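Chains as they are written, first to last, in this note's numbering: chain A, 1 to 113; chain B, 1001 to 1115.
The set of hints was computed from the structure by calculation and includes no laboratory data. Heads up, some of the hints might be wrong.
What the hints assert, rightly or not - Straight-line distance between alpha carbons at most 30 angstroms, and here's what the computed BS3-like set of lysine-lysine pairs gives:
(1) A:K78 x A:K55
(2) B:K1057 x B:K1078
(3) B:K1042 x A:K73
(4) A:K73 x B:K1083
(5) A:K110 x B:K1042
(6) A:K110 x A:K78
(7) A:K55 x A:K70
(8) A:K70 x B:K1042
(9) B:K1042 x B:K1083
(10) B:K1042 x A:K55
(11) A:K110 x A:K73
(12) B:K1057 x A:K70
(13) B:K1078 x B:K1042
(14) A:K70 x A:K110
(15) B:K1042 x B:K1057
(16) B:K1083 x B:K1057
(17) A:K78 x B:K1042
(18) A:K73 x A:K55
None of these values were measured; they are calculated from a predicted model.
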Amino acid sequence: AQTVTQSQPEMSVQEAETVTLSCTYDTSESDYYLFWYKQPPSRQMILVIRQEAYKQQNATENRFSVNFQKAAKSFSLKISDSQLGDAAMYFCAYVAGTYKYIFGTGTRLKVLA
Amino acid sequence: EPEVTQTPSHQVTQMGQEVILRCVPISNHLYFYWYRQILGQKVEFLVSFYNNEISEKSEIFDDQFSVERPDGSNFTLKIRSTKLEDSAMYFCASRDAGTSAYEQYFGPGTRLTVT
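Extracted from the complex, chain A is given alone in its bound form (with noise of 0.2 angstroms):
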C-alpha cells in the first residue's frame, strides 16, 4: 500500500533563513505526482509545488523548491528567504493511478521574526 511520511512533525525557522521539510513515500508505482500544499490557520488547502515523477528535473517555484529522489523514494521542500506568512502546516502528498490523494501527516512551519 501507498504510504506517505513526514517524519517532522514541526520546525522552526528565522525570518529570511532556508528550511528544509522533509517527506518520504513508498510505492510501487512508475507514474505518479507529488504535491506540497500549505495549510494556514484557515484550514484551506493550498497548493505550493508539484512533481511529475516521469521528470528528472526538480520542480521550482520562486521561492520554493523540492529535492526529487526518486530511487530513495524522497521529496522534500526548501523554502528560501522563509517570510511571516510562511508559518502554517505543510503537507506531502502523493497520487498514482487510482487517482486518490494520500497525505502524510503534515509538519508545523514556525517562522520567527
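Start from chain A and add chain B according to the hints.
For chain B alone, kept in the frame of chain A given last:
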C-alpha cells in the same frame, strides 16, 4: 481562475441530525472527491465519484455517508445521522481528464461541528 466552492463554510449540528455539505466543482471537471480532516490530523480520502457513480470509497465512508450529483453543477456529501466523531473539516476536490489529470483542485472546506 476557476475554483471549487463549498457551502457552508461552517456547519454546527446536533448529534443524530442529518447534514448535507455542498460543493460546486470546476465546470469542465468530471471526477469529484471528498476528503476529511479531523482537527490536528492528516487529510484522509473518503470517496471518489465519476459518471454518477462512486469509483472508490474508503473504510471511513460507511452507510451513514452518501454522495450525489443532483444537477449539472453541485456535488453533495450527506451524513445521515451525525456522530461526535464526524466533527472535522470536509474538503471537496475535482479534476479533469486532461494532461494534468492527476492534479485535484481543492475547495476551501466546510468545518462541521457536531455537538
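The hints, checked one at a time:
A hinted pair counts as satisfied when its Cα atoms are at most 30 angstroms apart, and K78 of chain A with K55 of chain A qualifies at roughly 18 angstroms. At roughly 14 angstroms between alpha-carbon atoms, K1057 of chain B and K1078 of chain B fall within 30 angstroms of each other, so this suggested pair holds. For the hint linking K1042 of chain B to K73 of chain A, the alpha-carbon distance of about 20 angstroms falls within 30 angstroms, and the restraint holds. Restraint check: the Cα-Cα separation between K73 of chain A and K1083 of chain B comes to about 38 angstroms, which exceeds 30 angstroms; the hinted pair is violated.
Annotation: proposed proximity of K110 of chain A to K1042 of chain B holds, straight-line Cα distance about 18 angstroms (limit 30 angstroms). Using a Cα cut-off of 30 angstroms, the hinted pair K110 of chain A and K78 of chain A holds, with the two alpha carbons roughly 14 angstroms apart. A hinted pair counts as satisfied when its Cα atoms are at most 30 angstroms apart, and K55 of chain A with K70 of chain A qualifies at roughly 10 angstroms. Restraint check: the Cα-Cα separation between K70 of chain A and K1042 of chain B comes to about 23 angstroms, which is no more than 30 angstroms; the hinted pair holds.
For the given pair, K1042 of chain B sits about 20 angstroms from K1083 of chain B by alpha-carbon distance, which is consistent with the 30 angstroms threshold. At most 30 angstroms may separate the alpha-carbon atoms for a hinted pair to count; K1042 of chain B and K55 of chain A meet this at roughly 27 angstroms. In summary, the hint linking K110 of chain A to K73 of chain A is supported, as the alpha carbons are separated by about 26 angstroms, within the 30 angstroms threshold. A hinted pair counts as satisfied when its Cα atoms are at most 30 angstroms apart, and K1057 of chain B with K70 of chain A qualifies at roughly 28 angstroms.
Of the supplied pair hints, the one linking K1078 of chain B and K1042 of chain B holds, its CA atoms being roughly 21 angstroms apart against a limit of 30 angstroms. A distance of roughly 28 angstroms separates the Cα atoms of K70 of chain A and K110 of chain A; the hinted pair therefore holds under the 30 angstroms criterion. The suggested pairing of K1042 of chain B with K1057 of chain B holds, with an alpha-carbon distance near 17 angstroms, which does not exceed 30 angstroms. For a cut-off of 30 angstroms, the pair hint linking K1083 of chain B to K1057 of chain B stands: about 19 angstroms separates their Cα positions.
Distance restraint check for K78 of chain A and K1042 of chain B: the Cα-Cα separation of roughly 21 angstroms lies within the 30 angstroms cut-off, and the hinted pair is therefore satisfied. The suggested pairing of K73 of chain A with K55 of chain A holds, with an alpha-carbon distance near 14 angstroms, which does not exceed 30 angstroms.
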